[in-house]
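*Asks:* If you want the building blocks of each chain, they are given just below.
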Amino acid sequence: SAVISQKPSRDICQRGTSLTIQCQVDSQVTMMFWYRQQPGQSLTLIATANQGSEATYESGFVIDKFPISRPNLTFSTLTVSNMSPEDSSIYLCSVDGWGNPNYGYTFGSGTRLTVV
Amino acid sequence: DQQVKQNSPSLSVQEGRISILNCDYTNSMFDYFLWYKKYPAEGPTFLISISSIKDKNEDGRFTVFLNKSAKHLSLHIVPSQPGDSAVYFCAAASQGAQKLVFGQGTRLTINP
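Chains as they are written, first to last, in the numbering used here: chain A, -8 to 107; chain B, 73 to 184.
Some clues are possibly wrong.
As the list claims (entries may be wrong) - Some chain B residues near chain A, calculated using beta-carbon distances under 8 Å:
no., residue
1, Leu106
2, Gly115
3, Phe118
4, Ser121
5, Phe161
6, Lys171
7, Phe174
8, Gly175
9, Gln176
10, Gly177
11, Thr181
Just so you know, these hints were derived from the structure itself, not from any lab.
Glycine is no exception: its CB is placed at the ideal position from the N, C-alpha and C atoms.
Okay, chain A solo, but in the shape it has when bound (with noise of 0.2 Å):
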């Protein structure tokens, strides 16, 4: 399976600033997933990144407040702007197992976000 770098491991952060989360993968791999997960909360989806298109932002997240890039198929990072309190959470990206959900999906070791 593949093996995801995820940067920065946590950050505390002031309340209207932005961050970026880089996410670098060992192989190249056609969808990569980002998600969060708010404090005692289920995964969810923000969006889905394929190299060369538009993110594909879930219900409830869009393109302003979560941009996306994906320049290769190695690398995509996740800019959470304008932070409030409420973006405090842990971001995970993710890449699909050969395009087969059967073989299970990888995980980044996430990044904790404090917005204070």
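With the hints as your guide, set chain B onto chain A.
*Replies:* The following block gives chain B in isolation, referenced to the frame of chain A:
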């Protein structure tokens, strides 16, 4: 609309016994079901999956059972070990959509 539900937020099991984690779903279009294990400060780790055409899949100490008529799946861990203490997430996906829909998680504690 919570399509995947884990109704037990926590479970405590004695070491060596069987741990049974349960998951219910509402969307009959799901093709795959997966279980993930998550330690604090780490990302979820894939454990085992099952496709909708099967009713059982086994991998070592882990077995997943799927009851499509009841829209219910369960993860059995036997024997349970202290290292199994973690949060377990049930997830589901459709072949076409490929994105994962997660349950709320169950915190499993294995007591010595």
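*Asks:* Are the hints correct? Go through all of them and say.
*Replies:* Okay, the hints, checked on the actual structure:
Because the closest C-beta pair between B:Leu106 and chain A is about 6 Å apart, less than 8 Å, the hint holds. Hint status for B:Gly115: holds, given a least beta-carbon distance of 4 Å to chain A, under 8 Å. Because the beta carbon of B:Phe118 sits about 3 Å from the nearest beta carbon in chain A, less than 8 Å, this interface hint is met. The beta carbon of B:Ser121 is positioned within 8 Å of a beta carbon in chain A (closest approach about 5 Å), and the interface hint is therefore held.
Proximity of B:Phe161 to chain A holds as hinted, the smallest CB-CB distance being about 7 Å (cut-off 8 Å). Proximity of B:Lys171 to chain A holds as hinted, the smallest CB-CB distance being about 5 Å (cut-off 8 Å). Checking B:Phe174 against chain A by beta carbon gives a least distance of about 4 Å; that is within 8 Å, so the hint holds. For B:Gly175, the interface hint holds, since its Cβ comes within 8 Å of a Cβ in chain A; the closest pair sits about 6 Å apart.
Evaluation of the B:Gln176 hint against chain A yields a held restraint, the C-beta minimum of about 5 Å falling below 8 Å. Given hint, B:Gly177 at the interface with chain A, holds; its Cβ is 6 Å from that chain's nearest Cβ, closer than 8 Å. Annotation: B:Thr181 was flagged as interfacial toward chain A, and the flag is violated, the nearest CB pair being 16 Å apart, outside 8 Å.
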